[in-house]
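Peer 1: In order, the protein sequence lines correspond to chains P and X.
Letter by letter, the first sequence follows residues 1 to 292 of the working numbering.
Letter by letter, the second sequence follows residues 1 to 316 of the working numbering.
Keep in mind the hints are simulated off the structure, nothing from the lab.
Beta carbons are placed, not taken as given, at the ideal position from N, Cα and C, and that holds for glycine.
Just to be clear, a hint being listed does not mean it is correct.
Partner residues are not named here, just some residues of chain P that face chain X (Cβ under 7 Å, in silico) [stated by the list, open to error]:
#1 Ser134
#2 Ala226
#3 Leu253
Which chain P residues stay away from chain X? Per the calculated CB distances, all over 10 Å, these [to be verified]:
#4 Arg17
#5 Leu40
#6 Pro65
#7 Trp120
#8 Glu182
#9 His196
#10 Met198
#11 Arg200
#12 Ile267
#13 Val271
Per label pair, the in silico range of CB-to-CB distance [to be verified]:
#14 P:Glu180 with X:Gln75: 43 to 53 Å
#15 X:Gln46 with P:Tyr252: 35 to 45 Å
#16 X:Arg125 with P:Ala33: 25 to 35 Å
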Amino acid sequence: MTAIVVHAAPTRWWHSRAVARFMRHHLALVGIAMITLLVLACAIGPYALPYDTLQIDLRARFAPPLSGHHYLGTDPLGRDLAARLLMAGRVSLLVGFSAMLLSTLIGTLVGVTAGYRGGWVGAALMRTVDGFLSYPSIFLVLALAALLRPSPAMITVIIAVTSWMETARIVEAEVRSLREREFVQAARMVGLSRQHIMFREILPNAMGPIIVAASLAVARAILLEAYISFLGYGIQPPLPSWGNMLNGAQQYLASAPWLAIIPGAAITIAVTSFNFIGDGLRDALDVRNDHF
Amino acid sequence: MSAFLLNRLSQSIVLLVIVSIIGFTVLNLMPGGPLAQFGLDPGMTQKDVERLAAQLGLNRPLWIQYLDWAWRLIQGDWGHSFRDGSAVLAVIGRHLLATLLLMGTSTALAIAAGTWIGIRGATHRYSLFDYCATVGAMVALSVPTFWFGLIGIYIFTLKLGWVPAGNMYTIGDGSVLDYLHHLILPSLVLSLVHVAIWSRYMRTATLEALSQDFVKTARAKGVSERRILLKHVVGNALLPMITLAGMQLPSILTGALVTETVFTWPGMGRLFLDSLGYSDYPMVMGLLIFSAILVVLGNLIADIVIATVDPRIRLG
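With the rest of the complex left out, here is chain P:
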């Protein structure tokens, strides 16, 4: 008897096949490593550097990288680029991550409701999804940001309300396919409430695709924030973000190319890492290849 208990001991989640598959996905591990480094650098860096993001030094304007005391050089006001880059990273990563949480929440709620209820409720919700998807995201985001006088929190909300649709579609399809399965019928027969069946019985079985979509949503949100901040409608200076650091860079492209190259490289590295992680999760959780 005891032997059986030992064998039936709960398998730890890190012993699962999914984790093993993820660990074999080299790109995903590279992604994890790079994100960890970036987060650590952005969290600790600003304390370690002897410069403030707002400290103006007009004698040190346009210092190129690796010259003097400024590792990554300085901007047109003589502010230290490394300090600003790491501070901007906090803002960009935080906005990206929060927007992902919010959009995943909205997308999951809509998707579960549409998928489980079906009928005209489901049809109406999914046609709304189609309607939102017909707008090129940047047009909608810019219009909202321009009219709403953006704060970082507002930018997060704007990005989330314009990018929940993919998740909603994925969840809806998943829930619709699970709706008539035996365990759901059993739950219905036992008399469990609709909310309980939707969120406690069905949703846990749809977590794989949601997690994959969420990791890709972070990448998307960081890019979108960078786009609108670059165009001047996102995060507003003096608060730095990777996008708004590039805002004025075009006019100094000839004299100070590092002003454009460095923040853009940071965005690319962060977004690439999240895409790598998403790819690894897709393989690990055995989610159908929708995009590739």
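Dock chain X against chain P, hints included.
Peer 2: Below, chain X without anything else, positioned relative to chain P:
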């Protein structure tokens, strides 16, 4: 075919109605609504704003405003720019061609490059080329378009001096060659993301086609690999790409807006940003709706084209 057309057409009309409701709601739920910028003008009293609202019919219930607005939209009356009073639809029309030129060129580039990379990746699966293409595509999907544009300008304009940094033509020149010269860099920049998407898609589609029975049959008959690839595989793999092209439209439009800004390209995207800067509400609204209509129409056309070419779609 006509049943398919009718069904697909009615779907698009329903979608357009939803699209218009979303656009109308979004811009009317803003604090201050359409007249927000006048409220900030110290020269205007609350009374002035109210009078203007009454004049424009903004004091009526929202749903009546919507119906009125939608009806005028259908009739082609998209309102007038706050900036200079010109008709919104006419201004959009003037900027449309530049955007379509940019989008068309970059899509053609992306399809050509993506198809080649995808097929080669599939026929040489797990080779160094395939691996680089896979990783490269994921990186390309992550590069911000505007940054890629800036790097392009830095290398090809400032360092090498090969291509101009912006605008659509040189003032006083305007020959076809001059247009092409200005078109190269922006369309290359805009195509990067889409090369990545097309090549990934093409790789999967080619692999799928290669595993089909008709390929086995062709091989058994002794048809050469090259002929199998060209006649049986590519044709089958390319068909769904028409649908994919339609699905990519929103992201191409997004990319176009950013590219147009970096390269001062006189298209719809730049017009949109300029209008935002002037708080030109009718223009912003018009462009927002117009971009969505372009997407809905593009998808409709893609579906009709593929149904014309492929009988399985319209009959199944």
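Peer 1: Checked against the structure, which of the hints given earlier come out wrong?
Peer 2: 12, 13
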